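Colleague: Chains as they are written, first to last, in this note's numbering: chain A, 44 to 205; chain B, 73 to 247; chain C, 21 to 161; chain D, 31 to 142.
Hints may contain errors.
[Unchecked claim] Ranges of calculated distance between the beta carbons of each label pair, as one might list FRET restraints:
#1 A:His176 x B:Lys151: 31 to 41 Å
#2 B:Ala196 x A:Ile69: 31 to 41 Å
#3 B:Leu135 x A:Asp183: 57 to 67 Å
#4 B:Leu135 x D:Glu136: 24 to 34 Å
[What the hints assert, rightly or not] Straight line, CA to CA, 25 Å or less: simulated SDA-like cross-link-like pairs of lysine to any residue:
#5 C:Lys26 x C:Ile92
#6 C:Lys80 x D:Tyr34
#7 A:Lys145 x C:Lys157
#8 B:Lys151 x D:Ile68
#9 B:Lys95 x D:Pro93
#10 C:Lys26 x B:Lys151
#11 A:Lys94 x A:Arg195
#12 C:Lys26 x A:Val138
#13 C:Lys157 x D:Tyr129
#14 C:Lys80 x D:Leu118
#15 A:Lys145 x C:Lys80
Treat the hints as calculated values from the structure; they're not laboratory data. Predicted model, so just to flag it, every value in this text is computed and none were measured. Glycine included, C-beta positions come from ideal geometry on N, C-alpha and C.
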Amino acid sequence: MKYIALFIIALLFWLLLTFNLSISNIVVGIVAAVATCILFGKHFAVTSFSKLLQPQRYFWFVVYLIIFIWECLKANFEVAYRVLHPAMPIKPGIVKIKIDLKTDIAKTTLANSITMTPGTITVDIIDEYIYVHWIYISTDNPEEYSQKVSGRFEKYIKKIFE
Amino acid sequence: MELTISILLGFMIIGAIFAIHAKDLLSSVIAAGIVGYSLVICFLLLKAPDLAIVQIVVETITLIIMVAVVIDSTREELKVKIDTQQIINISLALIFMLVLVFFFARAIESLNPLGQHTLRMASAYVGDPAAKTGSANLVTGILFDFRGYDTLGEATILFTAAIGVLTILRIKGKK
Amino acid sequence: MSLIVKKVAQLITVFIFLYGIYIIVHGHLTPGGGFAGGAILAGAYILQILAFGRDPLHLKKKETGASISESISILTVLILAVVGLFIGTKVFFNNYLPSGKIGELVSAGTIPLYNILIGIEVAAALLTIFLALIIYKEEIE
Amino acid sequence: MMVYILSFILFLVGLYGIITRRNLIKIVISLSIMEFSIFILLVLIGYIDGGIAPIITDQVINPTYVDPLPQAMVLTAIVIGLATTAMLMAIAIRLYRKYGTFDIREIKNLKG
């Protein structure tokens with residue numbers, strides 16, 4: 044099943060890259076997509092084909108993008124405030140957060156989203172825990188900081204990928 | 073154009089001098105990367121996109137290979153002490169450089185200034201005869217049609233290099 | 021490497037590989053060609069090997085495949101060149117296929133074929149060199 | 031003229047490195063620096079003011095192309111440079127495993 048998903052993704056990418064709908068181009072694209080499937084199909088990250096066909100996942104993806112950009116803007120201003128403030132009120136440290144995402148690709152997306160937001164960097168993922176370097180650790184309460192760091196993204200990622 | 077390229081070349085010279093004199097082999101390898109990546113920008117400015125694509129990929133792979141070798145072995149540079157051998161080497165290098173500078177000064181007189189090249193040799197390849205190969209990219213047309221022998225020899229060299237690396241690394245050393 | 025690097029590498033290699041094929045196939049129309057595209061294909065493989073670490077048995081199989089495809093592609097280049105001796109005029113490396121209209125995907129005679137074969141050859145050679153450097157890491161006693 | 035002289039200075043830096051250094055890795059790096067200087071010199075010679083990249087398009091009327099011949103030569107040379115660098119690196123790591131050093135004088139003394 045995952046080979047068909049890879050084939051469709053590869054063909055779409057090829058058509059976007061060339062932007063040409065002549066017969067010869069499409070034939071070459073199909074050959075290229077088949078070659079990619081044979082060589083890399085075993086290790087492709089997207090495992091389930093049926094999930095690609097459910098439209099609500101794309102809807103939640105758009106919603107997630109908007110929320111992500113908004114959070115990114117907020118975090119930008121916050122970090123800029125901390126850097127420009129003469130006293131530099133930073134309190135860096137690493138926090139360990141439990142996540143309940145199951146699939147690997149969802150974990151990776153969450154980690155990359157956290158890294159993209161200024162002020163937080165994902166250091167590693169080990170089983171169910173992610174380790175995040177944070178520029179200002181405001182609380183010591185695990186519930187609170189996990190809500191602050193990962194909670195805002197986690198529920199949407201769960202809807203997109205699981 | 074000449075000023076931009078001169079500044080880039082100046083950076084390349086600084087990078088090269090640092091690569092030769094660095095105390096740490098890893099930073100020396102990375103400084104050699106400065107020279108290679110500046111070359112990519114020079115190629116783009118000089119209207120050679122084919123070369124830029126090839127150089128940026130080849131430089132990356134070279135860096136990976138060099139870093140792999142340096143991490144596998146040692147990062148420490150040897151202690152340079154000035155003895156008679158070193159003095160002889162440096163004076164030898166200076167003599168070589170002087171001789172080369174002399175010949176280069178003679179050779180540079182016959183070069184056109186930058187940007188006023190006449191297509192003396194390539195006029196057979198550019199223009200109307202370019203339609204002979206039917207290739208829109210003239211460089212590819214020259215490489216695979218007019219100068220096919222060069223390409224065949226080049227492919228042979230790559231093949232030989234791959235076989236050679238396999239052979240060198242495979243043999244058992246006697247200890 | 022950690023999970024993040026592995027997953028991102030899995031996702032990205034496919035697109036790098038397709039971009040390399042695009043560079044090779046459009047070598048006679050846009051900048052690029054067999055050398056650049058072949059190096060990009062090798063880069064996709066190297067990225068995957070760097071992300072997934074060394075598993076000697078698996079790598080050894082890959083290296084054998086790379087050597088074989090390298091030899092076959094350079095042999096095919098020679099056969100294509102020799103065919104020019106029999107068809108048309110008596111010139112090695114003769115462009116005997118019709119050249120077509122400039123700017124179309126199927127044009128320029130044998131040049132796209134040479135591009136594809138040289139691309140495979142360069143990719144396989146670079147991959148062989150890289151794999152040899154990491155497989156035979158220790159002195160084999 | 032300035033750019034030609036600067037690229038020649040880059041060549042001289044590489045030559046100096048080859049003759050005076052004793053570390054094998056440094057020698058390989060110096061060799062590749064010499065290669066780079068030759069590439070840039072060849073491409074500089076082929077440049078024409080107001081020329082466009084040597085790809086036939088319909089958009090420009092009566093175009094001047096930069097010289098494609100040096101570019102084809104350099105394209106071949108870059109890949110050969112990669113092959114030689116990889117080969118030299120393999121030899122260097124092989125010598126390191128046998129003698130435990132990159133010093134060319136030590137390697138010479140241990141012969142026999």
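Colleague: Honestly, which of those hints from before does the structure not fit?
Modeller: Of the numbered hints, 3, 5, 6, 7, 8, 9, 10, 15 do not hold.
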